Amino acid sequence: MTEVVTTTKEAALAARISEAMALSGVVGDGHAAQQYLGQLPYPTTRLERWKYTRVARLLDFEPQSLPETDPPGQILPGFNAHRLVFTAGKFTAGTVVDEGKDGLFIGPVSAALERYPERVGALAKSGFKSSEWFAAMQASAPQDGACILIPEGHRSDQPILIHHHMPAGARAAQPGHLIQVGHGATAEVVLWSDSPAGACGLMNGSLDASVGDAADLTLEIVQDEAGKGHHIGHHHFTQGKDSQLTVRTATARAHWLRNDLQITQGGTGANSTFHGCYLPNGEQFVDHHTRIDHAHPDGQSDELYKGLAADAATAVFNGKIMVHKDAQRIEAYQSNANLLLGERASVFTKPELEIYADDVRCSHGCTTGQFNREALFYLRSRGMTETAAHNLLVQAFLAEVLDGFRPMIRDHVHAVYAERLGWT
Amino acid sequence: MLQIDNLHARIGDTEILKGLTLSMGAGEVHAIMGPNGSGKSTLASVLAGREEYEVTAGSITFDGVDLLELDATERAVAGIFLAFQYPVEIPGVSNINFLRSALNSIREQREEEPLSGKDFLAKVKACAQLVELDGKLRDRSVNEGFSGGEKKRNEIFQMAMLEPRLAVLDETDSGLDIDALRIVSHGVNSMRSAGRSFLVITHYQRLLDHIVPDHVHVLAGGRIVHSGGKELALELEDKGYDWIVDNPATEKA
Numbered sequence: 001m002t003e004v005v006t007t008t009k010e011a012a013l014a015a016r017i018s019e020a021m022a023l024s025g026v027v028g029d030g031h032a033a034q035q036y037l038g039q040l041p042y043p044t045t046r047l048e049r050w051k052y053t054r055v056a057r058l059l060d061f062e063p064q065s066l067p068e069t070d071p072p073g074q075i076l077p078g079f080n081a082h083r084l085v086f087t088a089g090k091f092t093a094g095t096v097v098d099e100g101k102d103g104l105f106i107g108p109v110s111a112a113l114e115r116y117p118e119r120v121g122a123l124a125k126s127g128f129k130s131s132e133w134f135a136a137m138q139a140s141a142p143q144d145g146a147c148i149l150i151p152e153g154h155r156s157d158q159p160i161l162i163h164h165h166m167p168a169g170a171r172a173a174q175p176g177h178l179i180q181v182g183h184g185a186t187a188e189v190v191l192w193s194d195s196p197a198g199a200c201g202l203m204n205g206s207l208d209a210s211v212g213d214a215a216d217l218t219l220e221i222v223q224d225e226a227g228k229g230h231h232i233g234h235h236h237f238t239q240g241k242d243s244q245l246t247v248r249t250a251t252a253r254a255h256w257l258r259n260d261l262q263i264t265q266g267g268t269g270a271n272s273t274f275h276g277c278y279l280p281n282g283e284q285f286v287d288h289h290t291r292i293d294h295a296h297p298d299g300q301s302d303e304l305y306k307g308l309a310a311d312a313a314t315a316v317f318n319g320k321i322m323v324h325k326d327a328q329r330i331e332a333y334q335s336n337a338n339l340l341l342g343e344r345a346s347v348f349t350k351p352e353l354e355i356y357a358d359d360v361r362c363s364h365g366c367t368t369g370q371f372n373r374e375a376l377f378y379l380r381s382r383g384m385t386e387t388a389a390h391n392l393l394v395q396a397f398l399a400e401v402l403d404g405f406r407p408m409i410r411d412h413v414h415a416v417y418a419e420r421l422g423w424t
Numbered sequence: 001m002l003q004i005d006n007l008h009a010r011i012g013d014t015e016i017l018k019g020l021t022l023s024m025g026a027g028e029v030h031a032i033m034g035p036n037g038s039g040k041s042t043l044a045s046v047l048a049g050r051e052e053y054e055v056t057a058g059s060i061t062f063d064g065v066d067l068l069e070l071d072a073t074e075r076a077v078a079g080i081f082l083a084f085q086y087p088v089e090i091p092g093v094s095n096i097n098f099l100r101s102a103l104n105s106i107r108e109q110r111e112e113e114p115l116s117g118k119d120f121l122a123k124v125k126a127c128a129q130l131v132e133l134d135g136k137l138r139d140r141s142v143n144e145g146f147s148g149g150e151k152k153r154n155e156i157f158q159m160a161m162l163e164p165r166l167a168v169l170d171e172t173d174s175g176l177d178i179d180a181l182r183i184v185s186h187g188v189n190s191m192r193s194a195g196r197s198f199l200v201i202t203h204y205q206r207l208l209d210h211i212v213p214d215h216v217h218v219l220a221g222g223r224i225v226h227s228g229g230k231e232l233a234l235e236l237e238d239k240g241y242d243w244i245v246d247n248p249a250t251e252k253a
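Heads up: the sequence lines are chains A and H, in that order.
Residues in the first sequence are numbered from 1 upward in steps of one, following our numbering.
Residues in the second sequence are numbered from 1 upward in steps of one, following our numbering.
Hints listed in this document are in silico derivations from the structure and should not be mistaken for laboratory results.
Keep in mind the model is a prediction, meaning the values are calculated, not measured.
Some clues are possibly wrong.
Stated by the list, open to error - A few chain H residues facing chain A, derived, Cβ under 8 Å:
1. 68
2. 72
3. 76
4. 77
5. 84
6. 90
7. 91
8. 92
9. 101
10. 102
11. 105
Cβ coordinates follow ideal geometry from the N, Cα and C atoms, glycine included.
Just chain A, same shape as in the assembly (with noise of 0.2 Å):
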C-alpha cells in the first residue's frame, strides 16, 4: 500500500511559512484564521484585486530558517521618540512602557499579552484576514508587533518609532502591530519597515488600529527596503465619531511592494486623510490598494496619492470609495496622478466610487502623463540643463505628498529618492 498525499501549492506555502513562524514564535492564537486560509483563494490575476499584482513566483518562496542578527542600526538617529525595534517579526529592541491595566501601554504585543490578554483581546481586528489569503496567512501565524494603547484623554508628547527590519536571507516575517487611541486621546505614530540589499524574503505584516471617539491618530510609514524581497502590508483602520486619522505613506525604495489600506468610519463626523508616494525604477512594483468605507453621516475624506514609474517599473494604484446609505453629507475627494518616465514603464490606476446615500459630495480624478514640455522648456530656456529641469520637476510634483511628513522624515525620503533617481 503506498499512501497519496496530495497537496495544493498554497497548502504547501503555508505550512512551510507557518513552520518558519513557529519556529520563531507565534504571539497570539491563529487558529480562527487558520480556517480562513483553508478557504481563501491564492491570489491570481484573475482576480480584480490581483489583476497586475502578481504572486505566483512566491508559492515556491523556501524560508531560511537563519540564526538571529544584531538588532539594526539606528534609523533617523535625531528623531526624539519613543522606539520599538523588530528584527524578522521579533522584538529587538526598546523599553516598555505600562501605566497599568487601563493606562498607557507601549511595547510589544507579547508582552501585553502576557499582561492584559483581555485588553488585547477586545481590539478590533481587520476583516482582511477573512477575505485575503495573505491577510489570513498573517493572521493564522502571526508574530510579535507593537502594542501601543493610549488611553482616554491621554495626550502623548512623544512620537512612537515602530521599526521593523528584514535582514538579509531569505527569511519570513508576519508582524502584526495593534494601535488602540483612546476616546480624546491623540497618538504620533510613525512606522518604519527598512531591509538591507541583500534580503530576499517575505514580509507580509498587518497593522490594525482603532481611533477612538474624538480622537486624533496620525500615522507615517516609510517603507524604505534595499533588498529584493516581497513585502504585502495590510493596514486597517476603524474611526469613531468625531475622530482625525490621518495617514501617510512614502514608498522611499521597495522591490516589490503591495499595501492594503483599509479605512471604516465608525461614527457620525470622521474625518480621514490618507496620502502616499511612490517612485518605483528599474523591475520594481509598487501596488497601493486603499478603501474607505464611509458608514456614517457627515464624514470627510481627502485621498491623494502620488507617484512615477521609471523605466521597467510598474505602479498600481486602486483606490475604493464605499459611501453606505445612511452616510448623508459626507464629503470625499480622491486624487491618483502619475508621471510615466520610461518607454517600458507602466502605471495602471482605477477609481471606484460605490455611493449608496444621496445627498453627498465625492470626486475623484486620476491621471496619468508624461512631463509636461512646456515647463520643461520653460525650465531650460533659463539654463538649467535638462536633467535638472527633470529632477526639478519631478521633486515639485510629489512635493504636495511628501511636505505633509515631519520634515526629518521628508528629508529622509527625499534623499533616497535623489539618491535612487541620481538628483543632484
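Go by the hints and put chain H onto chain A.
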C-alpha cells in the same frame, strides 16, 4: 551680434518662416511687428531653441557661434533670454529656488563660481524692485496664480536676474494694463546697455512708445518685408499692414 540669414522653419508640415533675414548689432533694440500668423512667435521660439520647430534652411549666428548647434539650455548659457508670451505655471517649484538653480546652472556651465546666498538675495532684491515685484510673488510657485501682469513682470524680473546678451520679448505687452506696461517698460529700459540687445515682438505700437526701438521690421508671410526707423511703428499704427504686405515693391533691406 545676431545674424539671421534666409531662415526657414516649420512646425509639423507647416512652413512658417520662409527666408527670414535680420541683422542686429550689440546694444540695439529692434522691434518686430506684423499681422497675426506672420511668424513672429515662431521666430522667438526658434531663437530660444524650442524643439517642436524644425529649421530646414538658413543660419543663425550669435556672437560668431552657430546658434542652431546649441540646445535650449546652451542658448541660455550663451546669453539668450526669451520672455514668454504665455509664461508657464509650475506648481511646487518656488520662484526663488528655481531662479537660484537656473542662475547657478548658467554660472557652472560658464565655469564661474556659484553666487553666494548673500549676493543672490541682494540681486533678487534689486531686480524685484526694478519691476515692483512683491516679495510674496518671489516666494510663490513659479507663476502659479499670478495675474497676467504679474507673470509678465516675473519674466522681466528673471531677465534682470539672468542679465542676457540678447533678450527676446515675445508679445510682452499682451494682457498688460497701462500701469503694468509702464513698469515692464521701465524694467527693460533700465537694462538697456551697450552690450545688450533686445528683440521686441509686438502687435501694437503702444509698447514702442515706452521702449523706443532703433529699428522696426515688418514680418509677413515668414519674411521681413519692410524695415525702418522708430517712426515706422507709428506709420503702421496709422495705416495697418496692407500697404506693405500687398505691395512687395515697397520692400527694402
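Consistency of the hints with the structure:
Taking 8 Å as the C-beta cut-off, the interface hint given for residue 68(H) is violated, the closest approach to chain A being about 16 Å. With 8 Å as the threshold, the beta carbon of residue 72(H) comes within range of chain A, its nearest partner Cβ sitting at about 4 Å, so the hint holds. Hint on residue 76(H) holds. Least Cβ distance to chain A is approximately 4 Å, under the 8 Å limit. The beta carbon of residue 77(H) comes within 6 Å of a beta carbon in chain A, closer than 8 Å, and the hint placing it at the interface holds.
Evaluation of the residue 84(H) hint against chain A yields a held restraint, the C-beta minimum of about 7 Å falling below 8 Å. Taken as an interface hint, residue 90(H) checks out: its beta carbon lies about 5 Å from the nearest beta carbon of chain A, inside 8 Å. Given the 8 Å rule on beta carbons, the hint for residue 91(H) holds: about 7 Å separates it from the nearest Cβ of chain A. This hint holds: residue 92(H) has a C-beta 3 Å from the nearest C-beta of chain A, less than the 8 Å allowed.
Taken as an interface hint, residue 101(H) checks out: its beta carbon lies about 6 Å from the nearest beta carbon of chain A, inside 8 Å. Hint on residue 102(H) holds. Least Cβ distance to chain A is approximately 4 Å, under the 8 Å limit. Taking 8 Å as the C-beta cut-off, the interface hint given for residue 105(H) holds, the closest approach to chain A being about 5 Å.
Going through the hint list in order, the structure does not satisfy hint 1, though it satisfies all others.
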